Amino acid sequence: MKIVVCVKEIPDPDIAASVFQVDEAARAVVPVPGLRSVASPFDEQAIEVALRLRDQLGSAAISLVTLGDETAKAIVKNGLALGADDAYLLVDEAFDGGDATTTARALAAAIRKIGGVDLVLTGRQAADDDAGIVGCGIAEILGVPAVTFAMDVAVDGGALVVERSLGDGSETVEAPLPALVTVSHEVGKVRPASLRETMKAARQPLTVGTAADLELTAGDVGAAGARRTLERLAVPKNDVRCEFLAGESPEALAATLIERLSAARIL
Amino acid sequence: MSNPVRALVVAETSDGQPIPLVWEMLGLARRWADETGGAVHACVLGDGLDAAAVALAARGADRVHRIASPSLSPYQADAWLPDVCAVARAVGPAAVMIGHTPQGADLAPRIAFRLDAGIATACNRASWTAGRLEVTRPCYGGKAEETVSFRTATAVVTVKAKCFAPAPAQAARHGDVVAVPTVLDAASVRTRVRGSRRDASAGANLESANIVVAGGGGMKGPDGFGMLERLAVALGGAVGASRVACDLGWCPPGRQVGLSGKTVAPELYLAVGISGAGQHMAGCVNSKTIVAINTDAAAPIFRYARYGVVADCHALVPALIEVLESKAR
Ligand SMILES: Cc1cc2nc3c(=O)[nH]c(=O)nc-3n(C[C@H](O)[C@H](O)[C@H](O)COP(=O)(O)OP(=O)(O)OC[C@H]3O[C@@H](n4cnc5c(N)ncnc54)[C@H](O)[C@@H]3O)c2cc1C
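Residue numbers (the numbering used here), protein chains in the order written: chain A, 1 to 267; chain B, 1 to 329.
Only chain A is shown next, with the shape it has when bound in the complex:
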């Protein structure tokens, strides 16, 4: 079984709102001191799903693919330390100014180039754009079925069996391979990397690819291929002023709160 996991480097989604800043003119997040780059958490869980499948099947080749900057190397190395076999880093100025459409095109082209891939895993959405477009886009381009919001993935007699989250429950979906699955947070905890694997991963070479390597033309990727334009990026305004209630005891505070809510006709 050959598995590709798509991984994206993003600014730490857990950064406090009080520190987070955007540069409105540049339409970009400001790299404030202390803002770390991390792998999108759903993508880490996608790697975990690949590792669980390998555990289940006894063997599986796991490749990581990322489109991003040179700095994404660190994220990919971490994935290798977790047990992935090899990694592809797509870096090219030609990718700049792209959108979900062009990202899906580049990743799909890389997956085609790798060849013989049975299963593509992505996160349900990247935790920076929060959009959830690229996964299904790759599947459409490759012409394979996609199953989204996976909470559990298994292989049963050559077919994929996915438990997918529906908000108020779940459903079990079967799909033939090759297929694409987007992974949701319900898959749970990811395993830690071992020190030995981390040392090994540090020495492992990465394959670096450009748009030309993928036989993509300038019109396919980057700003030229994008289907949408980012007009503005801003921090939402919040004009709520909090009135802190005072009271000597929980009972007094509770009475004051109920009184306030009744007076404001909320209760």
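Please note: incorrect hints may appear among the correct ones.
What the hints assert, rightly or not - Only pairs whose alpha carbons sit at most 25 angstroms apart, straight line, appear in this in silico DSS-like list of lysine-lysine:
1) 189/A <-> 220/B
2) 189/A <-> 200/A
3) 327/B <-> 288/B
4) 237/A <-> 288/B
5) 73/A <-> 200/A
6) 200/A <-> 77/A
7) 327/B <-> 237/A
Just so you know, the hints here were simulated from the structure itself, not pulled from any lab data.
Computed from a predicted structure; not experimentally measured.
Fit chain B with the ligand to the supplied structure of chain A, relying on the hints for placement.
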């Protein structure tokens, strides 16, 4: 806004009726159509659904494309794609509008790629500027919002719940309901639904409740949620939760509010032991009044709250229940 705006609303149904978010999309599409002399199209897919089609017309659709076939129910992206794309190609809308629900988020990207259309998901505002659609959507876990426009004649947008005023029902309003035969070739459905589980206790009433009492990491365990349940009963509300509480198994995942959970906008959102991370607030910022109870006066939740109580919820919540119950006696 100048050119007549034609929009196509893809209606998700539950128990034979469109879900409330469909009315919100129809409200928005109707407003565009009225302001520009455009038109509102809706499509509904599944088995039967006559009543749903009539309801869509009564809420503002000029034309309802009803595609009835047992192979379209239950929903599967593979099954719905050919028909939704066929209707979209026939209508040629400026916007294909799909609810941002687990179903809509599963369907929309594929529609966009098949139509080669630009797409934006989880939009909470939309406007026409110089004849161009601009949508705004939260990103970076709700810490930022982006406004995007599209370079394609048709855009696919998924619309977040509780962000737009719903279209009112006008019983006397009749749109055209047309029965469109399905174009689905059953062989093109590659996936198969083996079975599904509906988590009845999971918070089906959460999205429609007027009052939501939500608990987070500060609840310390399932017992804390037992206490919140009692408070919710005393207030006549529903219980919600942060992801931390759901991930730890303190309450069912169907109660999760936020970016990767449900969107609520009740009259009162009482956040108990919730820090107020952007990803959580993404699911409740549109609440009319937020009240926060937290031991940490510096918790970000107080930036969203109208009233704040800095207290240990394990002492305050029982006191609140006592006040409410004694009032009721
Ligand atoms: C991509 C992504 C998607 C996410 N989606 C969601 C989502 O949909 N929904 C969601 O909720 N989160 C989501 N998260 C997680 C989110 O970032 C936060 O981690 C989470 O919301 C924190 O939950 P919490 O505030 O309950 O827990 P904590 O961060 O543990 O905070 C607990 C709070 O309780 C207070 N407290 C502790 N003890 C008491 C006490 N005795 N009395 C009163 N207060 C007390 C503390 O001061 C603290 O403020 C997502 C994260 C990512 C990266």
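Now for the hints, and whether the structure bears them out:
1. 189/A <-> 220/B: holds, 19 angstroms
2. 189/A <-> 200/A: Holds - the C-alpha atoms of residue 200/A and residue 189/A are around 23 angstroms apart, at most 25 angstroms.
3. 327/B <-> 288/B: holds, 24 angstroms
4. 237/A <-> 288/B: holds, 16 angstroms
5. 73/A <-> 200/A: holds, 15 angstroms
6. 200/A <-> 77/A: Since the Cα atoms of residue 200/A and residue 77/A sit roughly 10 angstroms apart, the hinted pair holds (cutoff 25 angstroms).
7. 327/B <-> 237/A: Violated, at about 38 angstroms.
Hint 7 from the list above is the single one not met by this structure.
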